[in-house]
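There are 6 protein chains.
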Amino acid sequence: MKRPSGRAADQLRSIRITRNYTKHAEGSVLVEFGDTKVICTVSVESGVPRFLKGQGQGWLTAEYGMLPRATGERNQREASRGKQGGRTLEIQRLIGRSLRAALDMSKLGENTLYVDCDVIQADGGTRTASITGAMVALIDALKVLKKRGSLKGEPLKQMIAAVSVGIYQGEPVLDLDYLEDSAAETDLNVVMTNAGGFIEVQGTAEGAPFQPDEFNAMLALAQKGMNEIFELQKAALVD
Amino acid sequence: MKRPSGRAADQLRSIRITRNYTKHAEGSVLVEFGDTKVICTVSVESGVPRFLKGQGQGWLTAEYGMLPRATGERNQREASRGKQGGRTLEIQRLIGRSLRAALDMSKLGENTLYVDCDVIQADGGTRTASITGAMVALIDALKVLKKRGSLKGEPLKQMIAAVSVGIYQGEPVLDLDYLEDSAAETDLNVVMTNAGGFIEVQGTAEGAPFQPDEFNAMLALAQKGMNEIFELQKAALVD
Amino acid sequence: MKRPSGRAADQLRSIRITRNYTKHAEGSVLVEFGDTKVICTVSVESGVPRFLKGQGQGWLTAEYGMLPRATGERNQREASRGKQGGRTLEIQRLIGRSLRAALDMSKLGENTLYVDCDVIQADGGTRTASITGAMVALIDALKVLKKRGSLKGEPLKQMIAAVSVGIYQGEPVLDLDYLEDSAAETDLNVVMTNAGGFIEVQGTAEGAPFQPDEFNAMLALAQKGMNEIFELQKAALVD
Amino acid sequence: MKRPSGRAADQLRSIRITRNYTKHAEGSVLVEFGDTKVICTVSVESGVPRFLKGQGQGWLTAEYGMLPRATGERNQREASRGKQGGRTLEIQRLIGRSLRAALDMSKLGENTLYVDCDVIQADGGTRTASITGAMVALIDALKVLKKRGSLKGEPLKQMIAAVSVGIYQGEPVLDLDYLEDSAAETDLNVVMTNAGGFIEVQGTAEGAPFQPDEFNAMLALAQKGMNEIFELQKAALVD
Amino acid sequence: MKRPSGRAADQLRSIRITRNYTKHAEGSVLVEFGDTKVICTVSVESGVPRFLKGQGQGWLTAEYGMLPRATGERNQREASRGKQGGRTLEIQRLIGRSLRAALDMSKLGENTLYVDCDVIQADGGTRTASITGAMVALIDALKVLKKRGSLKGEPLKQMIAAVSVGIYQGEPVLDLDYLEDSAAETDLNVVMTNAGGFIEVQGTAEGAPFQPDEFNAMLALAQKGMNEIFELQKAALVD
Amino acid sequence: MKRPSGRAADQLRSIRITRNYTKHAEGSVLVEFGDTKVICTVSVESGVPRFLKGQGQGWLTAEYGMLPRATGERNQREASRGKQGGRTLEIQRLIGRSLRAALDMSKLGENTLYVDCDVIQADGGTRTASITGAMVALIDALKVLKKRGSLKGEPLKQMIAAVSVGIYQGEPVLDLDYLEDSAAETDLNVVMTNAGGFIEVQGTAEGAPFQPDEFNAMLALAQKGMNEIFELQKAALVD
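Residue numbers (the UniProt record's numbering), protein chains in the order written: chain A, 1 to 239; chain B, 1 to 239; chain C, 1 to 239; chain D, 1 to 239; chain E, 1 to 239; chain F, 1 to 239.
A couple of the hints might just be wrong.
If several chains are the same, the list does not tell them apart, and a pair holds so long as it fits within one copy or across any two.
Restricting the straight-line Cα-Cα distance to at most 20 Å, the calculated cross-link-like pairs of lysine to aspartate or glutamate (DMTMM-like) are [as the list claims (entries may be wrong)]:
no., residue 1, residue 2
1, 83, 35
2, 146, 104
3, 224, 213
4, 107, 206
5, 143, 239
6, 157, 206
7, 224, 140
8, 143, 154
9, 224, 171
10, 234, 171
11, 23, 181
12, 23, 35
13, 143, 73
These aren't lab readings, by the way, just hints derived from the structure by calculation.
Bound-form chain A, shown alone:
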């Protein structure tokens, strides 16, 4: 098996995390997994959604979008179609659940964090890049809240990151790009904590069903990749 990119089976793409990418948001990151580029911002607003009012805790919610020509073919703009598609909703729910797992909401104060992940160029793995990049922007937003004295303790419980793995031409590979993704037999997205626990595991057989041993091989590959990604997050956060 030869990967289209020439990478080794267990090799990540070149990953770059650029902080303070735009100037208005409390946290703002450009994350690049190879040619996949996502702007992740975290915005702070005081107050919480109605279902949490008066409980003394905070909230985090996420939205995801793609510029119409982030992809090989232009997609209709969701704002002009008048609704977000199922894929978009599914991804933004995943991002939201994943990042909430990083936080102790009771320490956040009555603040809401809005995470926006907007793909400006897509080449596979946009949801895992979004989670990885937004985690860094979230740290920056927490620093702003801390400076303002709006927290009720340390809300950060753990770092979160994500990566995709899959079966490509019969073999498990790490961090699929678009060419691999569209030809893969199985696609597995893994969200983990820096302590090695799983937050989300979503595997889909695109063609043949996958077997338990393939599953385990993919998880092992994901774990390896995650270790490297957590190091990259850490490096990006050094001021």
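For this one, chain A is given, so just place chains B, C, D, E and F on it according to the hints.
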């Protein structure tokens, strides 16, 4: 650990599959996993969506809904809100992908199968019950197509079913009901083929992250449950 | 004239009213008029819509839906179309007005009753079956409110039920099924009180206009049918 | 009983029908029932909706609207709310059914007639005024089609008009204005042909149920009013 | 150059402003610029939008619509399409900004003025007719507020009116009708105060770009027309 | 008068035009006017909208969006609100009209060009930056069409660019940033051709009306700025 229902950790709820539940649809099943009750219909229409026109193959698509008071609290009707929620879209995409894995579309002729899963009473596990019941309705709809001479061979590749597993009070349990589901630390939905392959695996940590060994224990429990469910499907299909 | 079902011109279909059909709602009925089957639930929420705030009275509102394949041909799901159709809105407005006529809102306390009528199988007369069944579910919901001590007196003023009549092959007939309904020259829906007063009368000439004497013959037939239906409601309400 | 307007119980408001009210439409009428003023246009387009394609017949469809401040209190504009309300849909369905009863669609050729009834000032009875006025605009549009040679015979079967009746302070009255309408115990809209047949009868008890004899008294009043209205239509159509 | 209407290049169409055109609104005007006819109402409601709450000032907002057959070809009704088009939104934003320039909001009290401009017949220049007519309806609505004692001073700062100019067959012309508008090389809408200042200037080259001297010629023409229009507004306001 | 940025009254911000900013689109530009940053892509699709079918000409259409946190306060995502706001529609209509003025559609072949302008950071002047940047991306897209042999001649008639001017603290200034824009008395957007003709002129008095001489001063300033901007476009297009 004691399950609220008194079931053993590896015990399914009482599962019932009633065919020909309503009279108009080509396939119509009421599936019950304990108090969870879903009407699954499969409707046949000739023709295919535009993106498949002229390729000589068929298609299957799924929709999911809940009656407003299928749940403990009434939910706003999606038709009057003017849109389907993210959870609904996520579930119906899962049902569609899972059932398409049962079929060889090139044998289906230019027909579209519409799967509708409508929950009339919810008590946990509505998506796994939907997949399990809709598979049986799908078999009945294929029989109708065969009788009409609309097929181009045998489209059925394999049987598909689904079950949920989770970590409840620190222990892996099979087929969570609502009380367990809302208190579980981890929730894992597994879709499999009757040959033991995985079609979808979706695991979410609700509280603490889950560990690799917990993951394997849950998968083993799911495999055990699936074997029983495939037997129940087979029994239901005896005329 | 021979009716497709072989019924006499003044003969109702077999009507069944099953209480406590689902477990969550305060009132839950499956009503069957022959092959027409509707799940009617009544849900209680404290509080009233804004336009009634602070007036010390209650409210009742109704919604109506059909499963996509409740009918001979599949209809597009209203939730995925993004809006309820004109027929749906017309029927749910009728159900709401009819059931509000059963109640003295000033005795209800500041509670809102949500009536949901969902057709799981359609064979003509879904709106009249819905009103008839929902009336029984409403009684059960009032019992719950009474037990909770949430009422300010007895809100029930009278029983309400409904039936359709029509001109089929030149003759007035009672309780049309789908075959008759789609071929009828005139279709008349009648909502009455158990004291014999009219709440709603909606007659439509589908082909030739109807004449005053035909109108009177249809009303007489409706009155006869209503008497039987009120007996069936009463019988269903015996515990 | 004294009517707020001082009219006799069986007295219509002053009714005026002005043809060619606007210049673009094939038929264009301003109809006034007292202070109720409705612009009714009929627009001709060649072609028919998809469900009628290739059947060699025509179609008529109707839409209804109110200017936001046609009423005592301003109503939100339906175009900016993003949907038509239930009342609007109910009324435009009634207008469409009523006017289709005037035509033999097989003689219309493959043409579609769009009826638009827009209330510029409301004072009760907007739906009956709409039907009455649109019937006259329809005649003018048919003349245009005839001149163009687009008809396949004479599509006009009969004239249609409409009026409301009700029980006001215990007595039946003809052609209710807003003050009466909002205080009436019963409201009955009647659509008839000039030969005396009924096309639609829609009666609603607003307070107490109405009794069969009240019903008959109201119908008699409607019939009297309709005779006068058909004379007014005829007079308006004299060139 | 000969204008289709035979008018001189600097000649307005016949303009008529009819006050109290409908009876419910606080201000109600029918404005006619030749065959262009617009009903302009101004409705008063106490209270202001959320973003102005508690600031002791008022607000004015505008909406614009066209009856479906106000034009040569029928347009789909925006209420049934489910959204207002870009042209509609652009025009109503222009009307709102223009009329707000007439008022000192701090003198208005916490009241909101809703301006509705509904075109019943279109023949070019509907937005400029709307602004011109609505200004007169606004004066009438202010009188009502004054009588009620709801004002905190005199909110009227200046009169506002609007007119279109353009380049038609190479020459600047005033107040374009539809035939000219659809053939014009340049279309310029000008909103001014009665003291000669500009509120809005919106010029669009439909074909060739326009040159600075053409621009100045058009502005001069607009200024001439505005003077006449302000006289017509003044005359209309004499009781 | 001192500008917040310290610029001279007739001084543009630093403008940068980066071609090939993303990899999928036929034309892709990042345009920066100071801190305002917009991604402009031009996508080519064969075929034209229905209203142009069979006329042998092409079309260009534009859409505009802002990332939710492109601004100081987060704005709700239009895709999740379910509609584009009036400001968005107004801007994208302006961009489309402006760029169509650059082209001879009869030379474009039956192709459609989709222009997408997405603001990733806003600091005033996003619409003028969008037009200026999209013009460059359009040139690149035309080159692709030329290479493919899809053109029927040279469609480019002229270059188009845009800039804003305004009255700030009583003086005309060029190219307003957000601080100036939000405090300006008048705001004027000017779209021109490289030959010095006007395509669009949109001026709005935010506070006091503007006078003819102020208008002329602003236009002169715009013309000066445009000359510099056309040079920057030209420089960016050197390969």
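Here's how the hints hold up against the structure:
In this homomeric assembly, residue 83 and residue 35 never come within 20 Å of each other (Cα to Cα): the closest approach is 27 Å inside a single copy and 30 Å across copies. Proximity of residue 146 to residue 104 under the C-alpha cut-off of 20 Å is restricted to the intra-copy arrangement: shortest distance 14 Å within a copy versus 43 Å between copies. In this assembly of identical chains, the alpha carbons of residue 224 and residue 213 lie at most 20 Å apart whether taken from the same copy (17 Å) or from different copies (17 Å). For the homomeric pair residue 107 and residue 206, the shortest alpha-carbon distance between copies (18 Å) is at most 20 Å, but the shortest distance inside one copy (41 Å) is not.
Taking the closest pair of Cα atoms, residue 143 and residue 239 come within 20 Å of each other only inside a single copy of the chain (12 Å); across copies the shortest separation is 44 Å, beyond that limit. Taking the closest pair of Cα atoms, residue 157 and residue 206 come within 20 Å of each other only across two copies (14 Å); inside a single copy the shortest separation is 35 Å, beyond that limit. Proximity of residue 224 to residue 140 under the C-alpha cut-off of 20 Å is found in neither arrangement, the shortest distances being 26 Å within a copy and 42 Å between copies. Proximity of residue 143 and residue 154 under a CA criterion of 20 Å is satisfied intra-copy only: 10 Å inside one chain copy versus 50 Å between copies.
For the homomeric pair residue 224 and residue 171, the shortest alpha-carbon distance inside one copy (16 Å) is at most 20 Å, but the shortest distance between copies (27 Å) is not. Neither within a single protomer nor between protomers do residue 234 and residue 171 lie at most 20 Å apart by alpha-carbon distance, with minima of 30 Å and 34 Å respectively. When the C-alpha separation of residue 23 and residue 181 is checked against a cutoff of 20 Å, the pair qualifies only between copies, where the shortest distance is 18 Å, while the shortest distance within a copy is 34 Å. Only between protomers do residue 23 and residue 35 lie at most 20 Å apart by alpha-carbon distance; the minimum there is 9 Å, versus 23 Å within a single protomer.
Taking the closest pair of Cα atoms, residue 143 and residue 73 come within 20 Å of each other only across two copies (18 Å); inside a single copy the shortest separation is 39 Å, beyond that limit.
Checked against the numbered hints listed earlier, the structure breaks hints 1, 7 and 10; every other hint is satisfied.
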